[in-house]
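Peer 1: The chain contents come next:
There are 2 protein chains.
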Amino acid sequence: MTERVSDIGEFGLIRRINDLVNREGIQSEQVTLGIGDDTAAFLPRLGYELLITCDCIVEGRHYLPEYIHPSDLGRRAMVVNISDIGAMGGKPLYALISLGLKAETSVQYVEEIYRGFLLELNPFGASIIGGNITKSGNGMFIDITLVGEVEQGKAVRRSGARPGDVILVTGYPGQSAAGLQLLLHEPEDSKIKEHPLVRIYNIPSHRAKLGEAIAQTGCASAMIDTSDGFLGDLGHICEESRVGAELFKERLPISKPLQEAALKLHRDPYDFFLGESDDYELIITCRPQDVDRIRSSVSQCCPVSLAEVGRITGDTGEIFLLLSDGTKQPVKPSGWDHFRKDHGQ
Amino acid sequence: MTERVSDIGEFGLIRRINDLVNREGIQSEQVTLGIGDDTAAFLPRLGYELLITCDCIVEGRHYLPEYIHPSDLGRRAMVVNISDIGAMGGKPLYALISLGLKAETSVQYVEEIYRGFLLELNPFGASIIGGNITKSGNGMFIDITLVGEVEQGKAVRRSGARPGDVILVTGYPGQSAAGLQLLLHEPEDSKIKEHPLVRIYNIPSHRAKLGEAIAQTGCASAMIDTSDGFLGDLGHICEESRVGAELFKERLPISKPLQEAALKLHRDPYDFFLGESDDYELIITCRPQDVDRIRSSVSQCCPVSLAEVGRITGDTGEIFLLLSDGTKQPVKPSGWDHFRKDHGQ
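Chains A and B are the protein sequences, given in the same order.
Per numbering that gives the first Met the number 0, the very first residue in the first sequence carries number 0; after that it's consecutive.
Per numbering that gives the first Met the number 0, the very first residue in the second sequence carries number 0; after that it's consecutive.
Do not take every clue at face value.
[Unchecked claim] Derived pair list, reagent style EDC-like, types lysine to aspartate or glutamate, alpha-carbon separation capped at 16 Å:
id: 1; chain 1: A; residue 1: K248; chain 2: A; residue 2: D270
id: 2; chain 1: B; residue 1: K134; chain 2: A; residue 2: D270
id: 3; chain 1: A; residue 1: K331; chain 2: A; residue 2: D314
id: 4; chain 1: B; residue 1: K327; chain 2: B; residue 2: E259
id: 5; chain 1: A; residue 1: K101; chain 2: B; residue 2: D6
id: 6; chain 1: B; residue 1: K101; chain 2: A; residue 2: D314
id: 7; chain 1: B; residue 1: K255; chain 2: B; residue 2: D267
id: 8; chain 1: A; residue 1: K134; chain 2: B; residue 2: E249
id: 9; chain 1: B; residue 1: K331; chain 2: B; residue 2: E245
id: 10; chain 1: B; residue 1: K134; chain 2: B; residue 2: D18
id: 11; chain 1: A; residue 1: K134; chain 2: A; residue 2: E185
id: 12; chain 1: A; residue 1: K208; chain 2: A; residue 2: D270
Note that these hints are calculated values from the structure, not bench results.
None of the values given here were measured: they were computed from a predicted structure.
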């Protein structure tokens, strides 16, 4: 018989989670008190700033429970946060997990979610040190707070881009958004979960190690992860840095699988690239003379492509797409604000 | 016309919150990066451990929106977390706020919630440094992560109680639970919100400054806040310390308003005292010879009553109520686990 959360209760579930975390997670000497007291406690390291971020994913809104394995769901929720720490140039250390659960959820389902968290945390030697469990009547949610560290003064912000800087992007943004559309387009196809773009949507990767390596060069003037889509996040850099941007359309890295998926879905692949997509790639800006140092830090870290796609301008808040015929097309981030009335979601 | 969250969107709302926090909140020099980047960042202090906790309150489950002003709701959500930091002997520093909001929520309602957060944080010089906003289809939630600090080695855990230790409790537990029942009992009475016990339920207080003062004595063997009710939290101390407890029934501090409310509700006031109630008082254990030092630290800190209600025993996990006629009655925490099937909520 399936064991439900309601069978073992909140405190029974906390004990089971604690056992799993102790068995399969990493123990850190800096943690003086883990799960099970009023708070967790840890000793910070001298010479480091602490980074802290939280991100929440909600059932039916950020994921479709029928299409994602709970372990992948855990990975997905953790990746979102790891990516934010990485986009500052930091290293993840400690996670707190706040879960909103339905009473009928199986204990095994919750344990699998935690296995997903640990799959993402263990490679960094990072650990789960606390959290909270709440009964949620309608729809589950997973809210993670992640603490990281970065050498004092090495954090890369959104606000440092300057006119003349080059705009770089890792990997192939837009693939995750196309994966989601494939999933919604053919929900009855049992093999759809195995499609490479659907896998990218379900288990997004992050560039946290790369972010740390790039920050170490001291050459990045601004950095952000593409959690609000490429244009949305370039827009954040422009807003915080009070600059504008020009993008060379033909240099935007559109992957072959994205081209094929767009063809199948009768969509423009650039819409996927520029719009909202959970790819968690990095946008980096730097002076033109620093591009080589950043390229070299990337190639020493991992086999990820790095494309030079545009430049920062002084036209505050304006983003243009430069076409191959020489024309200039203004573009605006769209589709990345879930609350706006004009947004479909 | 009422301005809704859907009118200004997620990023518009973040800007408004940022403005409010900058205008009405405290700025800390240790914070190197606040709201508006991938993460927040701060410099920890040498010689201090960092404490971290999160707690979530859900509409309809932890609060009744029609009976609570949004500013009081914010205070309530923050108090829960401040109380946890205080129960370790720590001082609150930085909060991250994760909100699940409905699109039709008014911007003013959200701003009032933030005013409530600041009302509780400002007296500590603590600040809001980050967060996340999610669209939640069904029911709002407020999930807060609070970071605090405590001198290295001074944190008071749940696990240090030893047989022979005295059990102390601050204030008058059970009043909040009675306040909630009064609210549910007479929902049509417009004056009910002004009843002192209903106010205690709606805007619970915390004993964080007291917890810090008690920790400084170095005399408390264990400490916890009564967020799961008096028996529930004494049970946590017993479990983590592997001990038992005996309580002198006639010494349990039942306030006059609680006695009167219990009479009106045809309930036993001891049920309110022992059961689940959001009072956020402190349970402290210490050696008998240390009681005076703790009493003196309490009286120097604030005018709060401190009752000696029992003693720790070696009967692991067993809690008894000692009646005035000399009989001994076993008691078990009940009603404090929201997921259990046998629980009414």
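Peer 1: Going through the numbered hints above, which ones does this structure break? Give me the numbers in ascending order.
Peer 2: 2, 4, 5, 6, 8, 10, 11 and 12
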